[in-house]
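Undergrad: Protein chains in written order, with my numbering: chain A, 1 to 291; chain B, 1 to 322.
Treat each hint with caution, since some may be false.
As the list claims (entries may be wrong) - Which chain B residues face chain A? A few, computed with CB under 8 Å, are given here: (1) ARG22; (2) LEU25; (3) VAL40; (4) PRO200; (5) PRO303; (6) LEU313; (7) PHE314.
As the list claims (entries may be wrong) - Simulated crosslink set (DSSO-like; lysine-lysine; CA at most 30 Å straight-line): (8) LYS116/B with LYS283/A; (9) LYS38/A with LYS184/B; (10) LYS230/B with LYS116/B; (11) LYS283/A with LYS10/A; (12) LYS231/B with LYS283/A; (13) LYS177/A with LYS283/A; (14) LYS116/B with LYS10/A; (15) LYS10/A with LYS184/B; (16) LYS231/B with LYS116/B; (17) LYS230/B with LYS10/A; (18) LYS155/B with LYS184/B; (19) LYS77/A with LYS38/A.
Note that these hints are calculated values from the structure, not bench results. For every residue, glycine included, the Cβ atom is placed at its ideal position computed from N, Cα and C.
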Amino acid sequence: MEVLRAMRRKAGTYVVLGPFVIVLAFPFYWALTTAFKKDRDLYNAQSNPYVYNDGSGHAHWDFWNYMTFHHVSFLFKHTEYPTWLENTVIVGVAVVAITLVLALPAGYALARLSGRWGQSAGVGIFVVYLVPPTLLFLPLSRLVAELGLRDSLWSLILVYPSFTVPFATWLLMGFFKTIPQELEDAALVDGCSRLRALRRIVFPVSLPGILTVVIFAFSLCVNEFIYAFTFTSSTGERTLSAGVPNELIRGDVFFWQSLMAAVLIPSIPLALLYNAFLDRFIKGFTGGAFR
Amino acid sequence: MAVAAGGLAERRPRRRHLLEDRRVLAPLLIAPAVVFVVVVVGVPLIWAIYLSLTDATGGSLSGKFVGFQNFTDAWHDQNFRNALENTLIITFASQAIVVVGAAIVSHYLVRDFRGKWLVRLLVILPWAAPVALVTIAWLWIFDSLLSVLSWTLGKMHLLGPVCGAFGIHGCSAANPPPWLGHPKLAMFSIIVVHAWRILPFAVIIFIAGRASIPTEVDDAARIDGASALKKLWYVDLPLQLPIALVAVLFGIVFTAADFAVVWVLTRGGPFNSTQVLTTWSESIGVESTRVGAGAAISLYLFPLLLAVTVLMLFFARRAQVT
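Only chain B is shown next, with the shape it has when bound in the complex (with noise of 0.2 Å):
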């Protein structure tokens, strides 16, 4: 086949002849996108790390090189300590959710049953809607005043235990929680927006995780005689666990990364209390037009995005042979 096609290109002037080779033609393709990519990520990548060694302000592109000052001087701060924490608490407590959620909705939702399309819609709804946008109806949920979520938890009769959980007294119908106001209260409301958005995808990968597994394997380990729960213990959750991994993974980088739901719910407050590694950055290198010092902040993001890149193509390759 081949050599047919050769043989036809060979009558065509030699620029098509070239063009039908291989080597020619697939860097020829590929190189327009890895350009750009090269472009817009790599080179602002490395100047992130250039304006981290150095003492840049706004309105400057380059500073007097500092070395890693920006980096201990981050270290040494008690709210930059205080971000990092959270960006950590929030990631992994939501990511924890996720995990369980997932492997409960996806179970269920693989089965066939009647309203399986508008159930499938609205699971994935959190995940469709823009971030920036949806955060701003949990915003109104958790309003000071007016929060149905404390309406509901007053008429339950729960508002006094709740409260009580997070070391809150005195918590009634007329006095309802500040959801958004009070340190451990308004950690506790970001998780639950990040599990919450989050969830919807980690649902479809599952899915997909279990889609993948050969209809023989299944029948096998029904004819062996093996029950609902060794079926799982021993089959299923080992032939999924790459895929499923590979979904906690992205979760991991979507929340760590994430700038908009922080700063949407609460913009690092009260006092600080909420502050991620983003917007600690953001504030520090926009608001406080320290460039340097912002992006020094940002990059302490780094190891933790290239140990979850190193997870998931370790995994990933384990998905691929199985």
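Pulled out of the complex, with its shape left as it was, chain A reads as follows (with noise of 0.2 Å):
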């Protein structure tokens, strides 16, 4: 009986899961299918959309002998895709760098050294990164454009930070309230200073947590839209984001291959450090204030 209710208890588990990963995955396995697809299979509307076929709209099962590359190839040899790949890590990386530079005293000092002012200084930080950059977008453009950085990377590496820096302020304080204050004491009693106990003791600790927030701030900067879309426009200065759904989708005219393959690229790594680094991201966000 016991054994036959656990049964159960499983199979329900993958019935119920079954349609929700089907309907939240589906989006990606489409663009996986579209990305290799050849025109004729493609745009045949009589033929089943989600598997390879011939000229004349027949399912293969074999789809490697039906598939192609050469839309993945346009991608890199034919559009300015490599480029807005390395104007997103370009970016990516030095906003993570100011990121850390900034956050990294703040939720220590936050978790640590402040009492209770230091408490309503966590909640106003994490009120911040509430504060949407559709309500900050047309100003910022003008100071943008006023300091000359319009159409640069420069004005996505100067603004980026605010909203990465209350995130991983949030998140660091939550990491390093975790760690023993025990550890840090017995430094000090030592005779080590409090910097240099932070430096040789509580960041090598915190090394996981550290990179957990570098991956979702870095995260958080692909993603970010409006500002890439409003402060560059030129080709060259675009990233992954505004470059996309911008110089891709030209008019009634769409590669889809093409644009599936640039859909798919940036997603699929980040889901993969997503799902490594997801317990983690949990402990630094919900330990911030829900402990």
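Taking the hints as your guide, dock the two standalone chains into a single complex.
TA: Following this line, the structure appears as structure tokens:
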């Protein structure tokens, strides 16, 4: 009886989760299938779109004989996609560096050094994270123009920390709170200065947490759309987020295969990283306040 | 211990001594972040409020003070009313789907089962992928001629009923529904995409909330002979409610303030029928270069965000207590 109940429970898990997983992952499956399709297969409305078909619309299971890498290589050879990838990485790395410089000390101080007012400061930073870019992009785009940074990656490097710093400070505060105070106290007793203890003990111990912040802050930069869309306009200064929807979609002509490849290439590595660091993210995100 | 540390520091230079003091060190470490955030968030926010009270146009950072003219003008504009209404509909409809979905998925995803790693990866995919890009995948799913959705519904003989539900007649495989070209269908499509992309985040936070319930509570409920349903209602839900609400409030902010989904899917069309506050503000503030009017439109989001923030802080505090 027990075994039967356990089996039913297991089956229930799959039956309920199945439809959700299908819906959530479907656009990615669809993008993957599309990216390698030949034109005559893709634009044949009669054939089964889920699989690969031959010229006359007959499905084949040996899909590797009916797919093409033509559109993926087109993306890299005949569009600015590689430039956008590069720009995205440049902006991401620069922003993450700025973010760590500002958020590491702040996160630590909020977790450890400050008393009551530190609590409110932490909450304040959390609130700032909730001020959306859509409220700020008009004045910021004017500001960027005044500084002569219009249509330059520097505009994004300057502005992106406005949301990564509050986010990172919040997460780091959560991580530092989970590190036992005794660890530092021991170092302080041994005559270590507080800043030295911070550098030599606290930061190394919280490396997994810091790495989590690096990944999620980087992904926030890749994700950002409205600043990238309004601050940059020339093709060479676009990031992925702004470049793909603005430059690869022209009028009513869609290069669906290349577009889908462009969507998948940044998404899959990010998802794998998210999955790997998810538990740590939850710990930091909820550790800041909800403990 | 503090005495020991202080004693050692006394022999060091005075500057060093000062750095050991919490009251000096804490503000010193926090200040750079706070100053930066005030400059790049606080100043623009105040500036946006100032601009909304002027007749500033493109290319200038200021304009003539016009009071609340921009706000009242917007209020009497049918397009704005429509955008405001759409923002509320899209936000609340998508979050309603998210709450129900996240409650179900998180309930099952906390269990241990074969292939959990893969299931979790697939569930968080929409959250990890850049919004502006994955929305293009949806643009392709909702294509007017080669929509995979239309093809599938057609094979299941469901095209007629689905179209009928939206008041569209004569749908068939040869004449697929215009998912993004019909006002009602386009709104539906936008809601689906928002629900889809927020659901993973909500699931993750729900799971975190579940994990924060001590196992002792579970055991106690079991020993007291609580049925599964009673346990859900009297134990699990009340304990999870605060953190679940935090997830929902985040979802509301992310949806109401989003620009990419509507812009990529419909650009506010057809005929401005799917404009939301963010896209309408961009359209007026950037494309029509009426910066003051655009700022006023985007600031209509502010009361909603403020209310959400206050609620969130309230529930976050509740969560902390439990």
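Undergrad: Indicate, hint by hint, whether the structure satisfies it.
TA: Each hint tested on the structure:
1. ARG22: holds, 5 Å
2. LEU25: holds, 6 Å
3. VAL40: Holds, because the Cβ-Cβ distance from VAL40/B to chain A comes to roughly 4 Å (cut-off 8 Å).
4. PRO200: Nearest chain A Cβ about 7 Å off; hint holds.
5. PRO303: Violated, because the Cβ-Cβ distance from PRO303/B to chain A comes to roughly 12 Å (cut-off 8 Å).
6. LEU313: This hint holds: LEU313/B lies near chain A, its Cβ roughly 6 Å from the closest one there, short of 8 Å.
7. PHE314: violated, 11 Å
8. LYS116/B with LYS283/A: Holds - the C-alpha atoms of LYS283/A and LYS116/B are around 20 Å apart, at most 30 Å.
9. LYS38/A with LYS184/B: This hinted pair is violated, its Cα atoms lying about 33 Å apart.
10. LYS230/B with LYS116/B: This hinted pair holds, its Cα atoms lying about 28 Å apart.
11. LYS283/A with LYS10/A: Given pair LYS283/A, LYS10/A holds - Cα atoms ~27 Å apart, limit 30 Å.
12. LYS231/B with LYS283/A: Within the cut-off at roughly 26 Å; holds.
13. LYS177/A with LYS283/A: holds, 10 Å
14. LYS116/B with LYS10/A: Since the Cα atoms of LYS116/B and LYS10/A sit roughly 12 Å apart, the hinted pair holds (cutoff 30 Å).
15. LYS10/A with LYS184/B: Violated. LYS10/A to LYS184/B sits at ~40 Å, over the 30 Å cutoff.
16. LYS231/B with LYS116/B: Measuring from Cα to Cα gives roughly 25 Å; hence the hint holds.
17. LYS230/B with LYS10/A: Holds: LYS230/B and LYS10/A sit about 22 Å apart, inside 30 Å.
18. LYS155/B with LYS184/B: holds, 23 Å
19. LYS77/A with LYS38/A: Holds, because 18 Å separates the two Cα atoms, which is no more than 30 Å.
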